[in-house]
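Below, each chain spelled out in residue letters.
Protein chains: 2
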Amino acid sequence: MSLSTFFEARSVAVIGASKTPGKIGHEILKNLALYEYKGKVYPVNPKEKEILGMKCYKTVSEIENEVELAVIAIPPKSVPGVVEECGRKGVRGIVIVSGGFKELGDEGREIEEQIVSIARKYGMRIIGPNCIGIYDSRSKIDTFFQSRERMMRPKEGAVSFITQSGTFGCSFLEWAAEEGIGVARFVSYGNRADVDEPELIEFLGEDERTRVIAVYMEGVGDGRRLMQSISKTSRRKPVLILKAGRTKAGSRVALSHTGWLAGEDRIFDSAIKQAGGIRAENMEELQDMIKALVKQPLPKGNRIGMVTNGAGPCVMAADSIVERGMKMAELSQETLDLLKRELPPYCVPGNPVDLTGSATSKDYDVAIRLLMEEERVDIVMPFFVFQDTPLDEGIIEVMLRIRDEYPEKPIICGASGANYTRKKTKELEEIGIPVYPTPERAVSAAYALWTYSLIRQSRQ
Amino acid sequence: MSLSTFFEARSVAVIGASKTPGKIGHEILKNLALYEYKGKVYPVNPKEKEILGMKCYKTVSEIENEVELAVIAIPPKSVPGVVEECGRKGVRGIVIVSGGFKELGDEGREIEEQIVSIARKYGMRIIGPNCIGIYDSRSKIDTFFQSRERMMRPKEGAVSFITQSGTFGCSFLEWAAEEGIGVARFVSYGNRADVDEPELIEFLGEDERTRVIAVYMEGVGDGRRLMQSISKTSRRKPVLILKAGRTKAGSRVALSHTGWLAGEDRIFDSAIKQAGGIRAENMEELQDMIKALVKQPLPKGNRIGMVTNGAGPCVMAADSIVERGMKMAELSQETLDLLKRELPPYCVPGNPVDLTGSATSKDYDVAIRLLMEEERVDIVMPFFVFQDTPLDEGIIEVMLRIRDEYPEKPIICGASGANYTRKKTKELEEIGIPVYPTPERAVSAAYALWTYSLIRQSRQ
Chain S
1 MSLSTFFEAR SVAVIGASKT PGKIGHEILK NLALYEYKGK VYPVNPKEKE ILGMKCYKTV
61 SEIENEVELA VIAIPPKSVP GVVEECGRKG VRGIVIVSGG FKELGDEGRE IEEQIVSIAR
121 KYGMRIIGPN CIGIYDSRSK IDTFFQSRER MMRPKEGAVS FITQSGTFGC SFLEWAAEEG
181 IGVARFVSYG NRADVDEPEL IEFLGEDERT RVIAVYMEGV GDGRRLMQSI SKTSRRKPVL
241 ILKAGRTKAG SRVALSHTGW LAGEDRIFDS AIKQAGGIRA ENMEELQDMI KALVKQPLPK
301 GNRIGMVTNG AGPCVMAADS IVERGMKMAE LSQETLDLLK RELPPYCVPG NPVDLTGSAT
361 SKDYDVAIRL LMEEERVDIV MPFFVFQDTP LDEGIIEVML RIRDEYPEKP IICGASGANY
421 TRKKTKELEE IGIPVYPTPE RAVSAAYALW TYSLIRQSRQ
Chain P
1 MSLSTFFEAR SVAVIGASKT PGKIGHEILK NLALYEYKGK VYPVNPKEKE ILGMKCYKTV
61 SEIENEVELA VIAIPPKSVP GVVEECGRKG VRGIVIVSGG FKELGDEGRE IEEQIVSIAR
121 KYGMRIIGPN CIGIYDSRSK IDTFFQSRER MMRPKEGAVS FITQSGTFGC SFLEWAAEEG
181 IGVARFVSYG NRADVDEPEL IEFLGEDERT RVIAVYMEGV GDGRRLMQSI SKTSRRKPVL
241 ILKAGRTKAG SRVALSHTGW LAGEDRIFDS AIKQAGGIRA ENMEELQDMI KALVKQPLPK
301 GNRIGMVTNG AGPCVMAADS IVERGMKMAE LSQETLDLLK RELPPYCVPG NPVDLTGSAT
361 SKDYDVAIRL LMEEERVDIV MPFFVFQDTP LDEGIIEVML RIRDEYPEKP IICGASGANY
421 TRKKTKELEE IGIPVYPTPE RAVSAAYALW TYSLIRQSRQ
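In the order they appear, the protein sequences are chains S and P.
Going by the working numbering, the letters in the first sequence line up with residues 1 to 460, in that order.
Going by the working numbering, the letters in the second sequence line up with residues 1 to 460, in that order.
It cannot be assumed that every hint is accurate.
[To be verified] Derived EDC-like pairs: lysine to aspartate or glutamate, alpha-carbon spacing no greater than 20 Å straight-line: (1) S:LYS423 / P:GLU149; (2) P:LYS340 / S:GLU107; (3) P:LYS23 / S:GLU393.
I should point out that these hints are in silico values taken from the structure, not numbers from a laboratory.
The following block holds chain S by itself, in its conformation from the complex (with noise of 0.2 Å):
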């Protein structure tokens, strides 16, 4: 079967449907059954006949009609038999989201490739087990255990995450749907007993809906066979890896977590810099490289501009420019003597052009109009002290000009505060200019889009 059943279901079992309210079989059906899926939903549990108002199944073979994908939690034991029974009622693709497998020990690896076998029987597909599962922001199939009231779903979009750790799932979505960032498809693997990294990276590579990759790891299961993929799609879309245990006591909990071993941090550095993955420090970097991947063009070099009314964030911007081996740009004269006559005096020329606390929205857009207009600048970084009064409101309508006359240089900015200035960051991001917290992130992101430029210039 092709992946896409996962996501496309027309309809679900979830086995180990629970009435309980807060139990993982209870949340489950409820966020299938009571939100925006419109499949079929089918509860199946032996123990009960009705919930949540819906007629539940002792077994999946009960079923009248046609069931493609099942969920199943319930204790790792009586897992092997459930796959059978779902492999003889025709079930295409399973989620165990239930741990207590591999990362326990033998014993659990032993169930484990056990269902593993039963399902290639049946040529069943399966995702985890001790996972989270799916989610797709266009079919609304979801199968967290995590409630609506607790944890935000994110729009449609074009950003698809795959991820071994369900915990940073949660975050990567909830981060999304507060950034207004859309998701396309989401997969949370934990154990990656069948469907692996590869086949998932190759399977979005080719999903028409994604344009951002992504992914979240802990062990390399065949290094080969994920370099491979990674290769093959990063000509086409940005792999972004974040891939923790890098040490060995970071292996050692992994291995507990999700049965894997880490494996040596600085031969997958290296392989992943062929292959033409980027790889994020922290589930932070990788957000913040997200944003810029999916918001801005891909610039033409590594010369960064900059504009402030505030100089601080800008030297520890330049130290972290530098440290990512990109350059802080060197202006023309004829741009310094632009600057110079068409700024007020209190302003000083330079990079960064410094407006000092005295900027209005008037001085940003000279500014910045001079700066997309310098050849020798490929990413303009402005940065704001929204605090500071004398710059007007009139700000936002500047930087919308500016997106629109100048859509194919990038633009990344930066500025960090309160309700007053979060404001002010959503309107801009509202407006798809990328805004970051601190002058580090500022320039991760456009590190991340300067590394993708040069990724597809050797690819092509």
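Since the structure of chain S is already known, use the hints to place chain P on it.
Just chain P now, kept in the frame of chain S:
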């Protein structure tokens, strides 16, 4: 004069007061005159008779009463004359907000030197120029040109921050206000023409209201005095340092920002360590460290014990712990046995104690208590996936009791998510338990506690 005059002045003249909302001279006056500051406020501007309903003076010498502090926001060339006049009037402290001095090169540097020599003649002290000045949470002195609508002010408390960058000052103040972290004194000193870091650090070292000192700096003036002040202070309270200008590019930007070269970073780094200062990598880390140091006791060692209902972040945390020179605690057989006996079968004892997605608040209670009792654990680090619906609302009550019963072992939490998670995070922080949004940030908070505990031990 003692630096305390700056923070406790009972009368302030605003020189360059303006009628126009949004202008720097208007906003400063407004913040001093219309909010919590109880001292006398005198607008000074030769062109106005009245501003904000207050009588406006042509010069500072016209003011009938004593003036302890003057805040100056006029073009640089007019500043020396005004400072001379302040001297004659008997003003004791001056905050020069205006920019356009040393940061612009030789001409500005000369004016700056002239100002300082005038001040010396009269025994006056200067903060600035090119800064946002001072804030005292008790006297409510507030020389900012950031309106209250745009920038929150923090409550009274134990953290003092001195910063060369006004922008980072704004970030810090709003962060503290939102996180509910109390601030004692705040100084943005810009070009640092007179009052400098060593003097401020020693003042804060002796200040009873200050328990944690944080510094953002670009250029080092007198390195020896700086290190002496840190060395003297760090045995009594933590001194956190964020220094920009690690690279040549950063140093160049610093020069045009506040007129100071940043110096050789490696030398600075090792000198800071020797003096007992704690260096933060960026503003986010500085804030993370402050939060831990004001909220938590110091640990006896560097062995971290984790507990979680979703282990992905623990893998990343373990990496980060080892990279920071700390250790994953190795639990005693006794603790492992107790965990096995007292926790439900779905839980996996070890470090982390993996309570899995089925975890309830009772499971956290059992596990955290056992880690608190375990001698081999110095810092307890719970990670929460609040999205996981089996985790009941009782968790805050559990943590409150643990806080009261184990006040001597530090606890640092991690949780990441949107609305619901933020609500739970806030509830934990309100009972004094710090929560961080990523595992790396939780670890850097733990690192600050451990590092300061080492500094204290070595300096007793």
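Quick rundown of the hints versus the structure:
1. A distance of roughly 12 Å separates the Cα atoms of S:LYS423 and P:GLU149; the hinted pair therefore holds under the 20 Å criterion.
2. With a C-alpha separation of about 18 Å, the suggested pair P:LYS340 and S:GLU107 falls inside the 20 Å cut-off, and the hint holds.
3. As the CA atoms of P:LYS23 and S:GLU393 are separated by approximately 14 Å, the hinted pair is consistent with the 20 Å bound.
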